[in-house]
Structures are given as structure tokens and as C-alpha cells.
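So the chains spell out like this:
2 protein chains.
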Amino acid sequence: MSQPHRLAPGPVDLLALPTRSDGPDPELGRELDKESGTQALLDLADGLGDLQERLFAAGRGGSPRRVLLVLQGMDTSGKGGVLRHAIGLVDPQGVQLHSFKAPTEEERAHDFLWRIRRALPGPGLIGVFDRSHYEDVLIARVRALASAPEIERRYDAINEFEQELVAAGITVVKCMLHLSADEQRKRLLARLDDPTKHWKFNPGDVDERALWAEYRLAYEIALERTNTEVAPWHVIPSDQKWYRNLAVARLLAHTLDRLDPQWPMADFDVESERRRILDEDPVG
Amino acid sequence: MSQPHRLAPGPVDLLALPTRSDGPDPELGRELDKESGTQALLDLADGLGDLQERLFAAGRGGSPRRVLLVLQGMDTSGKGGVLRHAIGLVDPQGVQLHSFKAPTEEERAHDFLWRIRRALPGPGLIGVFDRSHYEDVLIARVRALASAPEIERRYDAINEFEQELVAAGITVVKCMLHLSADEQRKRLLARLDDPTKHWKFNPGDVDERALWAEYRLAYEIALERTNTEVAPWHVIPSDQKWYRNLAVARLLAHTLDRLDPQWPMADFDVESERRRILDEDPVG
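Protein chains in written order, with numbering that gives the first Met the number 0: chain A, 0 to 283; chain B, 0 to 283.
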């Protein structure tokens, strides 16, 4: 199946990559809008649910396979919306969410990957990182939270780390939710206009926005340096929430489809278990 | 709002409590079947989503309030189905699931409530326990995993513990998924008949089923002893999956509705933040 948003190898120019869906949908062969796109998302639920259950069952049967979805993006790009509307389609028992905040003192005392390793999904699960080890080369670079040589070291450390994950049976799916500066302005203003959204607003987001160009550069470098064959990046057009949710859900569905997890075989004798149930008759 | 499945105080006779829905639905005023009951569940999604978001927002705003939903029931009673279909309606970011297995060696070295305390939801979250501290007076009683005086001590310890939770702002909602022995037989046999369900079948479940009457008694004692005013039990008819899911989702919705969580006030000056956004103009 097509991976329309997979990032091509080489230098990255985010301004040249779309932040909106464009033209007829390659899977459905027609132009989508908010209504039909939202319906297309809901139409994925049954297939995704079946694939997720097979992944989970295979994990119970001893398969080491699992998926790690990494979500990165500027404030208001919609990491939370993806969790709610795309990941929310899946049985919550099969999902392990982890939201990374600024590192604690204990976390800062360890290598930057220490806390990441502790949050990895177990076999059969879909792990989702809302922010990730990429913050350690994004805000860390823009805000100079680490030295230049340390940042430089981290790109290679991330690639080695992700290669190790893939070797352990973890399919790593990395998404950058690509938002335009104009759309971010609209979303921040919308949060201010609506008192039920004030709790989502953080004045610090405006400070970060002032560094928009620096963040764009940090993303471009990080995307280029860590866009490996085993763990490639996807740049998801995110100015339209419905398209962003649909694109990530499709990517997850395609990933599971390619894994093609199998129901495990019974490790007991089916017929003798059936007889045990039929032969005894508890009072109820 | 009505709480049709709230357990009355006093001695408990599970055989006298329904395992199926019965008569016209008190909320909708008409008989429900699988199709209309499933639709009624889906119709709860928007309201539940709004309430959950308000709970979450209030937590961010400093409110200690949170909900703990405790799910207990015999094998195949549908704890997993409730998680998938009822809890699955809610934004996964607002839910904290914990599935309790047989205690590890480390857990057994502590008091039985030790591992429970570590799994409590944070402010603003809906915590869900798939099995719980009640296993320590259920299987522990039936299988004599603890001495009789220790089991006896635990009922009071549980009541004290839950009172402490309530005092800390945790609304404790306890559900026993009430299944008939006949329906369990059907479900176990159905798992054997379908190779895609073999992974859910565990021969140990048949061993537990042979102790059905002992488990019923253990449940009756536990329900009676821990059916407190602050943390009452609900006995959910669970022979019909659609009704079980609907009943638990409604109970959660009613619980949140009674809590009536409020959007927190802005702790910043809205107008000056608006000006900061409009005055600066990143390149994009």
C-alpha cells in the first residue's frame, strides 16, 4: 500500500512539504472534505480493531512483535487529537500511551534514552509516544539545553537505539505533525476565545512560537539525520484536523496489515477441554 | 438519576439478582434489544467525552477529583468487553487502565494493598481496575491463599482503604459483572469452537469453574462486607454483552455527571496573550 507521507531521504525543506491534503484521495479516488474524511476515519475502526486484536493475541502466543508510534509536532499540531480520534478507535487494552513532559531531576541524571526505554510497549501492544526522545534534539537544540557536541552525538544514538528496537520486533512508526505557522496562530487564538479551552493554553507556547524558525530548522536537521530505512519519518499534513487523524490512522492500519499478525495455535487439547466443560455441571 | 443495579445493604443472594436485563428500560421507557441497546451505548459517547474532558481539565486546574472504576467478575463475564466497548468510548488520554494478574514475588512480600496504591489514577483521570484488591478476598479465600484471620482482616482493611480514597477525592465505582453458570458454559465452549478465540482460553478457567459455588459464596461475603455508603457495589446483569456494556457506561456517565467537573479559570491574562500572538509574526 502507498505511504504518501513517507519522507524522502536527504535534506529536508519543511516549507516545501504540504500542511494540507491536496487533490483526490489516493485510496478512495475522490476529493475528501471534513465530513467524508471523518467518515473514512470511522470506516477504519473495524479493520484496525481486528488487526490490533491479532497483534495482541500473537503477543500472548509468544510473538515479540509490537508497534511504537512516535508523535512529534509543534504546539497545537494535534498530538492529543490524534490520540483521541485515531488511537481512540482501538481497544484501550491494546494501547500503551506515554506522554513525555520536561524531564524530571531523576531523568536528567541519566542518559536521555533512559526514560524512553522504560516506556517501551510490551509484546502485542501498540505503544504511542506523545513527544519522545526527539525532544532531546529539538527543544534541547533550540533552547541549548545540551551542548552542541552532545546534541550531535544524540542523532547517532537515536539511530542506533531505533535499530535495536526494530531488531527486537518493534516496528517504529514516526510521525511529524506538520502545521503551518498561520494555522498555529489561528488555533492559539481560538483557545483564547473559548473559556472551555483556556486550560489548554499555556503562555509558554507563545514564547516557543516566537522561536518558530529555530524549531523548523531543528526539525529539518532531526528529520534528515534520523530518517533511516528501518525507522523512517512521515510528515503528516496537519492544518486540517480530519485529514491528520485519517492519515495517522491509515498509517497505523497499513503498518499492522504489513505485519499480518497471526492468531496463535491452541497449546491445549481442544476436545478434552470441551469434554471437561460438558461433563461437570456447577450449580450456578 | 437512577442507579438500578446498586446493591442493597445487607446479606447478598446472587442467585436472586438478575443476570439479564428485564422489562422496559427505565431511562428510555421501552424494551431494548441488542441493536437498540448497542445504539444506546454509542449515543452516550459524546456526553461521556464531554464529561471526561471536563474532569481532565479540572485536574489540570488543580482539582484532586478522579474516578476509580473497579471491575470484578468470573472468567468470561466480560471485563475485557467493558474495557473495549464502554471505556473505549472515552479519550484514551483520560483513562488509566490497570490489569491485575496473580501477584509477583515482590508484590507478595508487601501488604495486599501495596500494589493497588501504586496503580491509583492521578487527578483528572478515570482509573479502571480489571480485577483488583478484591481478588485478595475472592480467589484468596476459595484457594486458601491466605489464612482465615488474614482474609477476615482484609474486609475491614478494604473498607478503610476505600474510605481513604474517597476522602482524597477519588470516586470509587465498584461493579461486579454478574454472569450465570449457564452463560459461562456457553462462552467457554464458544471459545473452543472458534480458533481465533483459542488464545483467550485457559484450561485453568475450567478448574476455577469447578469451584463455581465456592466463588459465589466468596463474592456474596465480599459484596456484603464491603458494600459501604461511600463505596457501594453495583451488580451488573452480564449474560447479555450489550446490556452489560450499556449499564457500566451509564454508571460512569452518571458518576461524572454528579461530579459535575468545571472548566478551570485562566491563570493568565487573556487579552495580553492575544496581543502577544497578534503582534509577533514568525516567518512560518
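If you're looking for bench data, these hints aren't it; they were derived computationally from the structure.
Using N, Cα and C, we set each Cβ at its ideal position, and we do this for glycine too.
Take these hints with a grain of salt, some might be off.
Stated by the list, open to error - According to the in silico footprint, chain B covers these stretches of chain A (three or more CB under 8 Å from chain B):
id, region
1, 108-116
2, 178-192
Claimed, not checked - When the alpha-carbon atoms are kept at most 20 Å apart in a straight line, the in silico DMTMM-like pairs for lysine to aspartate or glutamate are as follows:
id, chain 1, residue 1, chain 2, residue 2
3, A, Lys196, B, Asp21
4, B, Lys199, A, Asp49
5, B, Lys199, A, Asp266
6, A, Lys199, B, Glu149
7, B, Lys240, A, Asp278
8, A, Lys199, B, Glu223
9, B, Lys240, A, Glu270
10, A, Lys196, B, Asp74
11, A, Lys185, B, Glu270
12, A, Lys196, B, Asp266
13, B, Lys196, A, Glu149
14, A, Lys196, B, Glu207
15, B, Lys185, A, Asp278
16, B, Lys185, A, Glu104
17, B, Lys196, A, Asp90
18, A, Lys196, B, Glu213
19, A, Lys240, B, Asp49
20, A, Lys240, B, Asp266
21, B, Lys196, A, Glu270
22, B, Lys196, A, Asp266
23, B, Lys199, A, Asp90
24, A, Lys199, B, Glu161
25, A, Lys33, B, Asp45
26, A, Lys199, B, Asp266
27, B, Lys199, A, Glu161
28, A, Lys185, B, Glu279
Evaluated hints:
Counting residues of the region 108-116 of chain A whose CB lies closer than 8 Å to any CB of chain B gives 0, so the stated coverage by that chain is violated, three being the minimum. Here the region 178-192 of chain A counts 7 residues with a CB under 8 Å from a CB of chain B, which clears the bar of 3, and the coverage holds. Our distance criterion of 20 Å between C-alpha atoms is broken by Lys196/A and Asp21/B, whose separation comes to about 42 Å. Between Lys199/B and Asp49/A the CA atoms are separated by roughly 15 Å; this keeps the pair inside 20 Å, and the hint holds.
A C-alpha spacing of about 11 Å is found between Lys199/B and Asp266/A, which places the hinted pair at or below 20 Å, so the restraint holds. Of the supplied pair hints, the one linking Lys199/A and Glu149/B is violated, its CA atoms being roughly 48 Å apart against a limit of 20 Å. Distance hint between Lys240/B and Asp278/A is unfulfilled; the C-alpha atoms sit about 26 Å from each other, more than 20 Å. Annotation: proposed proximity of Lys199/A to Glu223/B is violated, straight-line Cα distance about 44 Å (limit 20 Å).
Between the alpha carbons of Lys240/B and Glu270/A the distance comes to roughly 26 Å, so the proposed pair goes past 20 Å and is violated. Between Lys196/A and Asp74/B the CA atoms are separated by roughly 42 Å; this puts the pair beyond 20 Å, and the hint is violated. Of the supplied pair hints, the one linking Lys185/A and Glu270/B holds, its CA atoms being roughly 15 Å apart against a limit of 20 Å. For the hint linking Lys196/A to Asp266/B, the alpha-carbon distance of about 12 Å falls within 20 Å, and the restraint holds.
Between Lys196/B and Glu149/A the alpha-carbon distance is near 50 Å, which puts this suggested pair outside the 20 Å criterion. For the hint pairing Lys196/A with Glu207/B, the CA-to-CA distance comes to about 50 Å; that exceeds 20 Å, so the pair is violated. With a C-alpha separation of about 13 Å, the suggested pairing of Lys185/B with Asp278/A holds against the 20 Å cut-off. Restraint check for Lys185/B and Glu104/A: not satisfied, since their Cα atoms lie roughly 54 Å apart, outside the 20 Å limit.
Taking the CA atoms of Lys196/B and Asp90/A, the gap is near 16 Å; set against the 20 Å cutoff, the hint holds. For the hint pairing Lys196/A with Glu213/B, the CA-to-CA distance comes to about 52 Å; that exceeds 20 Å, so the pair is violated. Simply put, Lys240/A and Asp49/B have alpha-carbon atoms about 18 Å apart, close enough for the 20 Å limit, and the pair holds. With a CA separation close to 27 Å, the supplied pair Lys240/A and Asp266/B exceeds the 20 Å bound.
Our distance criterion of 20 Å between C-alpha atoms is met by Lys196/B and Glu270/A, whose separation comes to about 15 Å. Between Lys196/B and Asp266/A the CA atoms are separated by roughly 12 Å; this keeps the pair inside 20 Å, and the hint holds. A hinted pair counts as satisfied when its Cα atoms are at most 20 Å apart, and Lys199/B with Asp90/A qualifies at roughly 16 Å. Distance restraint check for Lys199/A and Glu161/B: the Cα-Cα separation of roughly 32 Å exceeds the 20 Å cut-off, and the hinted pair is therefore not satisfied.
About 18 Å separates the Cα atoms of Lys33/A and Asp45/B, which keeps this hinted pair within 20 Å; it holds. Distance restraint check for Lys199/A and Asp266/B: the Cα-Cα separation of roughly 11 Å lies within the 20 Å cut-off, and the hinted pair is therefore satisfied. Only pairs whose Cα atoms come within 20 Å are accepted, and Lys199/B paired with Glu161/A is rejected, the gap being roughly 32 Å. A distance of roughly 13 Å separates the Cα atoms of Lys185/A and Glu279/B; the hinted pair therefore holds under the 20 Å criterion.
Hints 1, 3, 6, 7, 8, 9, 10, 13, 14, 16, 18, 20, 24, 27 from the earlier list are contradicted by this structure; the remaining hints agree with it.
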